[in-house]
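Enquirer: Following the hints, put chain D in place on chain C, whose structure we already have.
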Amino acid sequence: MTAHPIHRLDSTVHQRVRLGILAACVGVAKVDFSYLKTTLGLTDGNLGQHLETLESAGLIAVERVPEGRRQRTWIRATARGRQALRQEIAALRELIDGIDGLGDG
Amino acid sequence: MDVDPVMDRLLLVELQARVEGNRRRAGALRFPLAAIGVANVLAAGWCLLVGRDHLLGFYAPVLAVVVLASRHHFRRLAQRHGVLLPIRAWVLAACGLAVASAAVSRLGAALGATVLEEVGPSLVWVFGYHLLGWWGRNRALVAATIVMLLSTAVLATLASGDGLVAAQLAVNGLLVGVAALSTAELT
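The listed protein sequences correspond, in order, to chains C and D.
Everything in the first sequence is counted per our numbering, starting at 1 for the first residue and increasing by one.
Everything in the second sequence is counted per our numbering, starting at 1001 for the first residue and increasing by one.
Mixed in with the good hints, there may be bad ones.
Here are the simulated SDA-like cross-link-like pairs (lysine to any residue), alpha carbons at most 20 Å apart as the crow flies [what the hints assert, rightly or not]: (1) C:K30 <-> D:Q1016; (2) C:K37 <-> D:V1019; (3) C:K30 <-> D:A1028; (4) C:K30 <-> D:H1073; (5) C:K30 <-> D:A1143; (6) C:K30 <-> D:T1114; (7) C:K37 <-> D:A1017; (8) C:K30 <-> D:R1071; (9) C:K30 <-> D:C1095.
Some, not all, of what chain D presents toward chain C, calculated at C-beta under 8 Å [what the hints assert, rightly or not]: (10) P1005; (11) R1009; (12) L1011; (13) L1012; (14) V1019; (15) N1022; (16) R1023; (17) L1068; (18) R1071; (19) L1077; (20) R1080; (21) G1082; (22) P1086; (23) L1158; (24) D1162; (25) G1163.
Just the calculated beta-carbon pair ranges, DEER-fashion [claimed, not checked]: (26) C:Q87 <-> D:A1100: 29 to 35 Å; (27) D:G1021 <-> C:I99: 42 to 48 Å; (28) C:E55 <-> D:R1088: 18 to 24 Å; (29) D:G1163 <-> C:E55: 37 to 43 Å.
Worth flagging that the hints you see were computed from the coordinates, not collected in a lab.
C-beta: ideal position from N, C-alpha, C; glycine also.
Isolated chain C (complex conformation):
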């Protein structure tokens, strides 16, 4: 018996902002903190919290590079993060297809 797709949704990943962060990082080499903040419309604190969660789960890698007097924070998705995003999209698609299938019956 195939498990219901809801069981394949990872609670760390299945959160709108964290999914947005992962999706913004996948397909490019890396993105910086300001780009994510602007793209996702977040505050520094909020973005920082989500980055910590993703980093501690091994889904992203965070690199702080000195640039003049300041530091620039670069974020890249790890192989595990890319895999998690792929699984999440597949599970969501399956879930929605299932719901659409109920309507057809």
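Expert: Leaving out everything else, chain D in the frame of chain C:
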């Protein structure tokens, strides 16, 4: 875990749009394409001077320069826009194409198949450009590959030997250059 069909549908659409957007960004290879276009036009001159059997010796250092210049360019863009584009995938593809086109040429020579020797390498590159254009959602590059195919067919009836190879390189180089000009830079 709570599931809200409407929110999950929106989430999926948003995720797919972001992933697709990044694919387009990664395919915005204006600078490398322009550089490869110039390299091909220069290769046409090299081919006329030295001969088609020595093209790999031309491409190896020139591709290295293209890669280094593109990496530098992408880093500058990343400083400005906060997004560093990936380089590894298309560099590996370009190296693979250079080797494959040389192998096809040698195979053609070994088999005594002149058409394979003279036209095969160009077709290998056209195939590579087409895949790159499809992968990066680059319509200009995909369209250019169709023109490349047509021009290869026409040139094959008009010329032969080093002249044919040089003509294909020049035309393909110009077409890649035009596709590069039509390709958006990272924004």
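Enquirer: All hints, please: hold or fail.
Expert: Status of the hints after comparison with the structure:
1. This hinted pair checks out: K30 of chain C and Q1016 of chain D have alpha carbons roughly 18 Å apart, not beyond 20 Å.
2. For the hint linking K37 of chain C to V1019 of chain D, the alpha-carbon distance of about 17 Å falls within 20 Å, and the restraint holds.
3. The straight-line distance between the Cα atoms of K30 of chain C and A1028 of chain D is roughly 16 Å, inside the 20 Å bound, and the hint therefore holds.
4. At roughly 15 Å between alpha-carbon atoms, K30 of chain C and H1073 of chain D fall within 20 Å of each other, so this suggested pair holds.
5. The hinted pair formed by K30 of chain C and A1143 of chain D fails the criterion: a straight-line CA distance of about 30 Å is larger than 20 Å.
6. For the suggested pair K30 of chain C and T1114 of chain D, the alpha carbons sit about 46 Å apart, so the restraint of at most 20 Å is broken.
7. Using a Cα cut-off of 20 Å, the hinted pair K37 of chain C and A1017 of chain D holds, with the two alpha carbons roughly 18 Å apart.
8. Restraint check: the Cα-Cα separation between K30 of chain C and R1071 of chain D comes to about 14 Å, which is no more than 20 Å; the hinted pair holds.
9. Simply put, K30 of chain C and C1095 of chain D have alpha-carbon atoms about 23 Å apart, too far for the 20 Å limit, and the pair is violated.
10. Against a cut-off of 8 Å between C-beta atoms, the interface hint on P1005 of chain D holds, since the closest Cβ of chain C lies about 5 Å away.
11. Contact between R1009 of chain D and chain C, as hinted, is supported at the beta carbon level, the nearest pair being about 5 Å apart and thus within 8 Å.
12. Hint status for L1011 of chain D relative to chain C: holds, with the closest Cβ pair at about 6 Å, below 8 Å.
13. Satisfaction of the interface hint for L1012 of chain D is found here, the shortest Cβ-Cβ separation to chain C being roughly 4 Å, below the 8 Å cut-off.
14. At about 6 Å, the closest approach between the beta carbon of V1019 of chain D and any beta carbon in chain C falls short of 8 Å, and the interface hint on this residue holds.
15. The interface hint given for N1022 of chain D holds, since its Cβ lies 3 Å from the closest Cβ of chain C, which is under the 8 Å cut-off.
16. Below 8 Å, beta-carbon pairs count as interface contacts, and R1023 of chain D has one with chain C at about 6 Å; its hint therefore holds.
17. The criterion of a C-beta within 8 Å of any C-beta in chain C is not met by L1068 of chain D, whose closest approach is roughly 16 Å, and the hint is violated.
18. A cut of 8 Å between beta carbons decides the hint on R1071 of chain D: the least distance to chain C is about 10 Å, and the hint is violated.
19. Evaluation of the L1077 of chain D hint against chain C yields a violated restraint, the C-beta minimum of about 11 Å exceeding 8 Å.
20. Proximity of R1080 of chain D to chain C is violated relative to the hint, the smallest CB-CB distance being about 11 Å (cut-off 8 Å).
21. Annotation: interface hint on G1082 of chain D holds; nearest CB of chain C at approximately 3 Å, less than 8 Å.
22. Proximity of P1086 of chain D to chain C holds as hinted, the smallest CB-CB distance being about 5 Å (cut-off 8 Å).
23. Because the closest C-beta pair between L1158 of chain D and chain C is about 42 Å apart, greater than 8 Å, the hint is violated.
24. Restraint check, D1162 of chain D versus chain C: the minimum CB separation of about 40 Å is more than 8 Å; hint violated.
25. Restraint check, G1163 of chain D versus chain C: the minimum CB separation of about 41 Å is more than 8 Å; hint violated.
26. Hint check: Q87 of chain C to A1100 of chain D, Cβ distance near 34 Å, so the stated range 29 to 35 Å holds.
27. Between G1021 of chain D and I99 of chain C the Cβ separation comes to about 26 Å, which falls outside the hinted range of 42 to 48 Å.
28. Look at E55 of chain C against R1088 of chain D: about 23 Å separates their beta carbons, and that is inside 18 to 24 Å.
29. The hinted range of 37 to 43 Å is not satisfied by G1163 of chain D and E55 of chain C, whose Cβ atoms lie roughly 58 Å apart.
Hints 5, 6, 9, 17, 18, 19, 20, 23, 24, 25, 27 and 29, counting from the list given before, are not met by this structure.
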